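Residue numbers (the working numbering), protein chains in the order written: chain A, -14 to 337; chain B, 870 to 1146; chain C, 55 to 357.
You can take every hint at face value.
Calculated pairs, DMTMM-like style, for lysine to aspartate or glutamate (alpha carbon to alpha carbon, straight line, at most 25 Å):
(1) A:Lys183 / C:Glu189
(2) A:Lys26 / B:Glu925
(3) A:Lys201 / C:Glu193
(4) A:Lys105 / A:Glu218
(5) A:Lys118 / A:Glu169
(6) A:Lys78 / A:Asp261
(7) A:Lys183 / A:Glu166
(8) B:Lys969 / C:Asp58
(9) A:Lys109 / A:Asp123
(10) A:Lys33 / A:Glu307
(11) A:Lys33 / B:Glu914
(12) C:Lys104 / A:Glu169
(13) A:Lys221 / B:Glu1113
(14) A:Lys26 / B:Glu1113
(15) A:Lys295 / B:Asp1094
(16) A:Lys201 / C:Glu189
(17) B:Lys874 / C:Asp146
(18) A:Lys140 / C:Glu189
Since the hints were made in silico from the structure, they are not lab data. For clarity, every value in this text was computed on a predicted model and none was experimentally measured.
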Amino acid sequence: MKRALILLLAVALLGCAQHGQKQVVVIHGSGATFPLPQMQKWIADFEKTHPNIKVEYVGKGSGGGQNDFKQGLVEFACSDPPVSKGMWMQFEKRGQPLQFPMILGAVVVAYNVPGVDHLKLDGKTIADIFMGKVVYWDDPEIKSQNPGVNLPHKKIIVIHRADSSGTTKIFTSYLCLVSEEFKEKVGSGKLVNWPVDKMGRGLAGEGNPGVVAILKQTPYSIAYTELAYALKENLKIVAIKNRDGNYVLPNETTIKDAFKAVKAFIPPPDKGYEEDVSQFLNAPGKEAYPLVAFSHALVWKHYSNPDVAKAVKEFWTWVLTEGQKSEHIVKGYVPLPKDVAEIGLKAVQQIS
Amino acid sequence: MRKLKDRLFVAYVVLATVLTILPLFHILYCVFANGVPVLLKGGLEFLTGTLPAPGEGLGGIGPAIVGTFVLTVLATLMGLPIAVLTGVFSAEYPNSVIGKATRTLLLIMMEFPTILVGLFVMDILVIPMGSYSALAGALALAIVMMPYVAVYTEQSLREIPSRYREGAFALGLRRRTVVFRIMMNLARKGILTGILIGIAKVAGETAPLLFTAGGSYTVYFQGIDRPIGAIPLLIYQLVQQPYENYHEIAWGASLVLMLIFLAIFLPIRLSVKEVKL
Amino acid sequence: MKMDRFKLALLPVTSVVFGIFLLMLIVYFTASLPIFEKEGLAIYTTNVWKASETGQEFYGVLAAIYGSLYTSIIAILIAIPLSIGFAIFIVDYAPKRLKEPLIVATDIMAGLPTILYGIWGAFVLVPFLKKFVMEPLYEHFSFIPLFSYPPLTGYSYLSAGVLLAIMVTPFACAIIREAYRMIPQVYREGAFALGLTRFEATKVLLGYIKPSILAGLLLAFGRAIGETVAVSLVVGNTFNINPSLFAPGYTISSLIANQFGNAFIYKYMPSALFAAGLALFVIGLVVNVAGLLLLRRWSYAKA
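Excised from the complex, chain A in its bound form (with noise of 0.2 Å):
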């Protein structure tokens, strides 16, 4: 009994030490790994700067996020896509959400095959690869892009992800406007039926560092994924052929291109869920890389917490201020222009 209460004692102790110490505010975040390294950088390098509020981001796909974000379990969330409208009335039920843009990346597609360097495809066969239809790396679909490549005849696996992923809703919506049968066999959305798992071809990875861990160690494997962990673990990237024609790879100029060649439309933050996630997907231009897309940055207008409210408020200006910066942008991202900043700027000045 007697060591009961010792022990009862120390654990008040401990979590009034931890409160009475120094003011340190934390906030929470959850969602999309499109973002993630790039929220890593930021988080890293915010903290430095401001010692008294700590940010925790964990990355579960922005299904996840926005899972969290309706049970109003982080303060924060990140999504690729824009809420659908369904979800955000769902968020109005428990306040004013807010949605903006807060980085642009790209999704590419990566493979592991023993003693291929480089690749193209059109995004039809992309399609047709996902959906199961092409079974061999040395199909004629692919044979007849890559002249002169050595194609192992060995099927293709093909990895994706397990859990609700805005990456995937960015892909497969991609997939679809170029592929009717995808469209109809598949569809678009962060959650699909992928029929290379009933073929026995499929692996599933939880959040982009799981999918991207299956594919280094399966030879053989396909995946899609975001830019910025293919630069990090060197994977090999398959050029795209774009609306216009030319196969590209994806990198910062290919992605401003993409950017640059479509007028966005940027609705006002507290209608986030009328924004479409494939503006800017199959993009005009000649040098435009088809699969780029924002990711975006969920917030609420109020936190019944004034000390929470101030720190989300001072965590997103400096992302869309400072963190802008070529200096704190991660490899495989590329910053908003200032007008699209702005949007978001605008928003988080209405957080209390």
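Following the hints, position chains B and C against chain A.
Frame of chain A; chains B and C shown alone:
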């Protein structure tokens, strides 16, 4: 022919033993072989620091260690009274319907899939509260721990020779004095064993914490109504990511967890004859 | 029912334990109702995971149920010879000095944090099985359906089954060992008096404790099917129903562990997952109660 069969039989029996025990040694070996270099490289910082970004070194698992400690203490505080009293009830009234039913229920709950406990606590506590929390995690652990402590309590009480009970009653003591003052004291070693076994078990549990504790590895304890991390949970999350440094941290954390587990488990096990797990 | 103040005082506490259990059952039932209303039993009989925010959701967890059963059966099949052999060794053949350490080792294995099995499974066991067991078998025997799936990553029913076997064997062994140890000397002496070899004598004695062996295996099965963390790191987490040992799959517990994080944005997913949990609840309950009843009946028969 019969002799040959006999010989083969002995060979099979020995083989079965080796195959069953070998994995334990291999696991211990792997955890040591992979974890010790990490601990040496990280030094004391590994035990006190916080989780780094991918690819940026070892940092530390401090919040996870504190989290495991806090969760275990809270779980014990929450589950202990009920568990011990339930064990007492079971021991004092072994022939009543409720007593028998309780014992059966406890044995069932000992084998219950722990993920289901975690899911249950998420539904009744995390969602209404609106946040992952140490409280929820501790509650899930408490539910997992209770059957063990209760069964050990009951067993230890039953093993006390009846003459002590009879003597106490003969002296005219009331039932509750007999039980709480006399019997529990006599059984205290067994009960303590049960408590420590329960603690060793829940300190290593992952599934009950998956949707209750939330996980928090860059900040230390923020209050029982806020998310908290734990060593097993951290290892689970790190193993699924592709970054080299995270895998190293996972092995280091595994070593720490294993040492904690053995430190609690071995002493009790070696001083007691039978352990029911 | 005799009532005294003491009992009365303790009753509320004991009812808390019952209460928690009942509450769990209620929560699982009520949370599963929405999906039952929507799909009926199709939630259990189909293999589909169609998540959609716009209303055409459909879920079927057959793959997970199949995987849970398949991996646990593999685990038990491996555990049977191992746990019986080990039990016999400890009781009959082990030199005195080895007996206690072996028993302590079994207890450590039974209590070891399952995540340690998981990390070892994912980083050590899976590559080993892939390279030395699955690939050779696939190369030479892929015409047999059991071996017909190409071992791509090593994450498979087999890996999960083997890992589970390693985890539950000590547990089954403890039960069998106790029963075997407690066979009255009379029977042992009788067997030898009849001139049986050790092998034959053991066979007879084992026949005597059959219910205990069955109980031990049932309880081990119950433990295997409920295991979450270690399994989810090695089973592959794919919606698959495949007879091949080398195919990846899902188990109920790893399905819940993986999908719950994003379940709430879909209208019916939480309910579907609770329904899967309910299935696990029921299977676990049935198996464990059966095992416990067998154990109890055997101990009564003995006395």
